[in-house]
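With the hints as constraints, model all of the structure from the sequences given.
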Amino acid sequence: MKKIVIACLFSLFIFSCNNPKSQLEKETESKKNGFVLRGTLKSFLSDKVYLSKINNNDVQPVDSAKIENNNFVLQGIVDYPERFMLSFENSSTAIIFIIENTHFEIFIDPDQIEKPVIKGSELNTKLNDYKLVSKSIFKKIDYLFPRFQKARLENDVKKLDEVGNELKKIEKEFTDYSFNFVKSNSDSYVSAMVLSDQLKSSTVDTTRISNAYKLLSKEVKKSPDAQLIARALRLR
1 MKKIVIACLF
11 SLFIFSCNNP
21 KSQLEKETES
31 KKNGFVLRGT
41 LKSFLSDKVY
51 LSKINNNDVQ
61 PVDSAKIENN
71 NFVLQGIVDY
81 PERFMLSFEN
91 SSTAIIFIIE
101 NTHFEIFIDP
111 DQIEKPVIKG
121 SELNTKLNDY
131 KLVSKSIFKK
141 IDYLFPRFQK
151 ARLENDVKKL
161 DEVGNELKKI
171 EKEFTDYSFN
181 FVKSNSDSYV
191 SAMVLSDQLK
201 SSTVDTTRIS
211 NAYKLLSKEV
221 KKSPDAQLIA
231 RALRLR
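The opening position of the sequence shown corresponds to residue 1 in my numbering, with each subsequent residue numbered one higher.
Calculated cross-link-like contacts (lysine-lysine; reagent style DSBU-like; alpha-carbon spacing at most 30 Å): (1) LYS135 x LYS183; (2) LYS53 x LYS126; (3) LYS200 x LYS214; (4) LYS131 x LYS214; (5) LYS66 x LYS53; (6) LYS131 x LYS183; (7) LYS172 x LYS214; (8) LYS42 x LYS135; (9) LYS131 x LYS115.
None of these hints come from the bench; they were simulated from the model.
These figures come from a predicted structure and were not determined experimentally.
So, in structure tokens, the structure goes:
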């Protein structure tokens, strides 16, 4: 059912793009103070790309473009920087990134779709830096997996507990890193995104999230991610 609804939304958007005047107005406004995203694919992936806004746990289609000679252009304007998703026709692959009102580029290798190269966007650079450190923390889990398998096969409760404690330490390291990131980048919209993700963690520390929220700048608190936190925790 959800797929049908999303498909209908895509169709409604595509038909609404046939108005030349609204398209011209959108292009004029985005060139002045909106965003222009120029995409390049290393090799063929699809003939069409879709841009969707990530709204909590759902996606909202907002635009589409033809891919010609492995290039495409998407443009528009956003009220505040938010996470969006690029998806492709006849493909299950998707890329999550930030749209901000600037001119930037994205380079995509279909064989490494999870590693797009984004240039000209300060927020995406900061988000990528955060992700790199996060991945290095979670990489430690790979070393625990053989120990976990061995302990489970041997039904060794003591060793299973030891592995469990190590996993908790890794989770704590990631959580501490996320909150320290917010503290050090209180004027960045990325911090609001990082903090809102903490609401989805297995153990939600509402007090810590509330205290971190208070550190955010006034402008960042106006962003959708910060507003999500405020509503969830009933903050002012």
